[in-house]
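Here is what each chain is made of, one letter per residue.
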Amino acid sequence: MSKVPRSFRLLEELEKGEKGLGPESCSYGLADSDDIAMVHWNGTILGPPHSNHENRIYSVALECDEGYPDQPPKIKFLSKINLPCVNQTTGEVESDRFETLKNWKRSYTMETVLLDLRKEMAFPANKKLPQPPEGSTF
Amino acid sequence: MKVSGKLAEGSDEDDESLILDFESDSDVIDDVDNESVLLGRDNDVNDSSDSSCYESGDLSGNYLGFDQREKVLNPGFGDNTYDDDGVPKLNYNCLTTDQIYELMVSRLERIQPIFQLSYGDIIVMLQKYAWSEERLLEDWTEDREKVLVACGLEITKTVSKSRGIQNHSDFLCHICCESNKQKTFRLECGHEYCVECYEHYIKDKLPEGKIITCMSCSLALKNSDIDEILGDNSSQTLMISSIKGFIQKHSKHYKWCPFVDCNCVIQVSNLSSLSEFPRLHLSPYVVCENQHRFCFKCGLESHSPGDCQVAEQWVKLAQLESENLNWVLKNTKECPKCGVNIEKNGGCNHMTCQSCEYQFCWICEQCWNGHGGGFYECTRFKKDEKLGTAETKNSLRKYTFYYKLFSEHENSAKLDWNLGLTVEQKVKVLQENIGISWIETQFLSESIRALIEGRTTLKWSFPVAFYADPSHNLTKIFVDNQALLVSAVEDLSQLLQVKEPQNIIDRKREFYNKARFVETRSKALAGCGRDLLCKGICVPFQ
Amino acid sequence: MASLPKRIIKETERLVSDPVPGITAIPHEDNLRYFEVTIEGPEQSPYENGVFGLELFLPDDYPMEAPKVRFLTKIYHPNIDRLGRICLDVLKTNWSPALQIRTVLLSVQALLASPNPNDPLANDVAEDWLQHEDAAIAKAREWTKLYATRQ
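Chains as they are written, first to last, in full-length UniProt numbering: chain A, 1 to 138; chain B, 1 to 542; chain C, 1 to 151.
Certain hints may be false.
[To be verified] Looking from chain B toward chain C, a few residues come up when the C-beta cut is under 8 Å (computed): (1) Glu-178; (2) Tyr-201; (3) Ser-216.
[What the hints assert, rightly or not] Straight-line alpha carbon distances no greater than 20 Å define the calculated PhoX-like cross-link-like pairs of lysine-lysine that follow: (4) Lys-16(A) / Lys-92(C); (5) Lys-181(B) / Lys-92(C); (6) Lys-92(C) / Lys-183(B); (7) Lys-523(B) / Lys-476(B).
[Stated by the list, open to error] If we take Cβ atoms under 10 Å as the criterion, some of the chain A residues that face chain C in the derived model are: (8) Ser-2; (9) Lys-3; (10) Phe-138.
Hints in this document: simulated from the structure, not taken from any laboratory.
The C-beta atom is built at its ideal place from N, Cα and C for all residues, glycine as well.
Required output: the full structure, derived from the provided sequences and hints.
Dropping the structure here:
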């Protein structure tokens with residue numbers, strides 16, 4: 001298997017996101033559609049059912065720098081959320097507390113990250129954590 | 001039954017489709033009719049509509065259908081007839097891909113004398129013309145040279161190499177750039193490449209169902225060439241893809257049965273009656289050979305008492321909320337103009353329908369011309385997208401409540417189905433041991449069918465309830481009707497729990513009555529739901 | 001990394017030994033399927049005197065699958081979007097394994113010489129092109145000067 005370069009890989013992800021080929025429970029797109037380098041992305045995660053996150057929509061910011069996809073993207077919650085892997089002052093997802101970033105593989109995508117964060121929200125130990133008021137931001 | 005292919009012209013003006021028609025003679029229909037009486041089905045079918053109605057001669061589409069009710073024609077209404085309940089009649093056949101293929105081949109035999117070409121050549125031409133014989137014949141009479149060149153059957157330049165697999169000692173293939181190749185392939189054009197590259201190339205193209213050409217020019221590979229390169233019958237894949245393309249192209253007439261692993265195709269011959277349904281808040285239901293009942297308009301399973309609009313809105317919500325409705329075709333969209341299903345396969349949002357050539361934006365489904373955004377980004381969609389408003393969330397909560405009820409009945413239907421299979425198995429054993437005739441055990445499958453259909457009606461009554469004005473009196477009546485059907489369905493379901501086969505046979509009458517009761521209640525609920533829709537009490541919103 | 005198919009080696013060699021006038025394509029050292037490309041704007045087009053940077057990638061299935069190509073230099077053109085993606089038939093449905101990297105790049109250059117705002121695609125630039133052709137051409141020229149001038 002040949003290595004797909006960063007930009008063509010990001011274009012693939014962009015197309016998947018734009019055409020709605022991914023799951024309905026998360027979405028993502030370029031933060032600035034003029035950004036030829038495709039570094040900054042926005043994402044949303046629909047809170048999983050049967051949890052304190054049910055019916056909430058969380059916004060996140062993703063940053064795919066030059067090292068992506070060999071290196072994981074940086075990800076930061078814009079909406080306030082109470083999760084062990086999220087820094088409570090900045091909203092950043094801390095890579096050593098989030099398995100997907102910690103053991104990053106080149107085959108992972110931004111979608112993987114968003115879906116795994118959703119799983120994290122539904123995790124038995126996390127799903128009943130008290131949550132900040134809806135709509136508040138970091 | 002006599003089966004023959006027949007080219008008929010559809011009633012639509014823009015219709016160029018090849019209608020593969022089944023011609024059956026009237027005694028066949030009588031046979032079917034008698035059979036259904038024997039089975040004790042549809043006792044409530046109006047007796048006045050006996051075989052005399054078949055004498056009208058206007059059997060533009062004959063039936064292999066199963067639901068006798070849908071078979072009754074009232075004489076004197078031409079193509080668009082109605083049954084007792086004012087439901088427009090739909091004339092349709094159920095075909096399998098094999099049958100369609102056979103009919104295509106039988107057409108080939110008939111038109112071969114016109115062209116005086118081999119079947120292989122005619123197949124290529126028909127593929128090029130999307131199986132529209134009429135357009136092909138028209139162009140053929142006008143300028144046959146032009147048709148042959150356009151289809152890649154003849155080359156303008158006078159190069160004429162021998163066609164087929166060639167043997168060499170040391171050939172350099174310009175596709176893979178490997179030398180020492182021994183087996184190659186070429187057409188008369190002389191563009192010659194190694195067989196390995198050709199194999200790879202053809203395999204990639206087979207699922208597209210379109211003419212495969214030489215890698216360098218427009219000369220066409222025939223089915224015999226494909227078989228020569230890839231081995232016997234490889235071209236059949238191409239033919240199957242081509243049939244799929246044919247059905248897609250003629251999606252007004254033909255629809256695949258949406259049930260998993262069902263290969264049936266329904267062909268409707270009196271299309272003009274289709275337009276009658278939405279106005280009456282009814283849906284054109286068809287039943288395939290495997291007894292799957294579905295809506296010919298929206299392609300979903302039977303969704304009565306909801307109409308197509310209710311079903312469509314409900315499914316849209318379901319897509320937002322849940323991923324376990326497997327009959328929702330997630331990766332396809334319908335062409336906004338001609339309704340053909342289009343699959344996304346990468347590339348930009350600028351979509352061109354392969355069928356009608358309509359150009360549109362994948363995201364907002366608007367016409368491409370004058371589409372404001374860049375072709376990889378739709379600005380219209382962005383503007384409309386307002387997630388997270390309080391209103392959306394409230395409706396989501398309400399939806400979840402109704403969705404639970406909806407899916408509960410879906411699951412129950414599956415369980416009932418399995419239960420039915422076990423019971424049927426037991427009775428079959430009994431049949432063999434005691435010597436009860438097949439006919440005598442049919443009440444069982446009839447009861448299971450009534451049960452499943454009752455469940456389906458119940459299931460789809462929840463979307464109607466969801467969209468209905470809860471304060472209205474009729475909605476309350478509707479809810480009462482729901483409760484009545486629930487108890488009728490549960491009653492019948494319980495009867496199926498009877499374990500002793502002999503006991504089942506003894507309680508045959510009970511089965512009959514309970515199944516009939518479910519049918520009556522389903523009908524009542526469906527009628528009530530339609531009332532809500534007709535009176536604007538139930539309004540599916542965006 | 002799996003060994004490079006002969007076809008790609010041959011094409012790369014020829015791109016170096018017999019370059020196409022106005023076009024360069026150099027493979028990255030660490031990924032021989034990934035090329036750094038420049039195309040000179042054709043004469044008598046709004047892109048004249050500009051040098052445009054592109055990137056090209058040969059997917060696993062090449063040459064059965066078309067190469068992937070994208071502009072890296074900002075360009076005002078009805079068939080190229082803001083991320084540099086190109087809507088060109090030979091890169092999509094009209095790809096044939098008998099085409100090559102050089103033929104594809106020549107097609108891209110030809111697209112610069114004759115923008116196609118009518119068919120088969122359009123976008124906001126195309127609309128502009130159709131309604132105010134002179135202004136659109138002027139803008140394309142300006143962008144060329146702004147973003148595509150050789151340093």
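Do the hints match the structure? See the list:
1. Glu-178: With a minimum Cβ separation of about 5 Å from chain C (threshold 8 Å), the hint on Glu-178(B) holds.
2. Tyr-201: holds (6 Å)
3. Ser-216: holds (4 Å)
4. Lys-16(A) / Lys-92(C): holds (17 Å)
5. Lys-181(B) / Lys-92(C): violated (29 Å)
6. Lys-92(C) / Lys-183(B): Violated: Lys-92(C) and Lys-183(B) sit about 30 Å apart, past 20 Å.
7. Lys-523(B) / Lys-476(B): holds (17 Å)
8. Ser-2: holds (5 Å)
9. Lys-3: holds (6 Å)
10. Phe-138: Given a least distance of 29 Å, the restraint on Phe-138(A) is violated.
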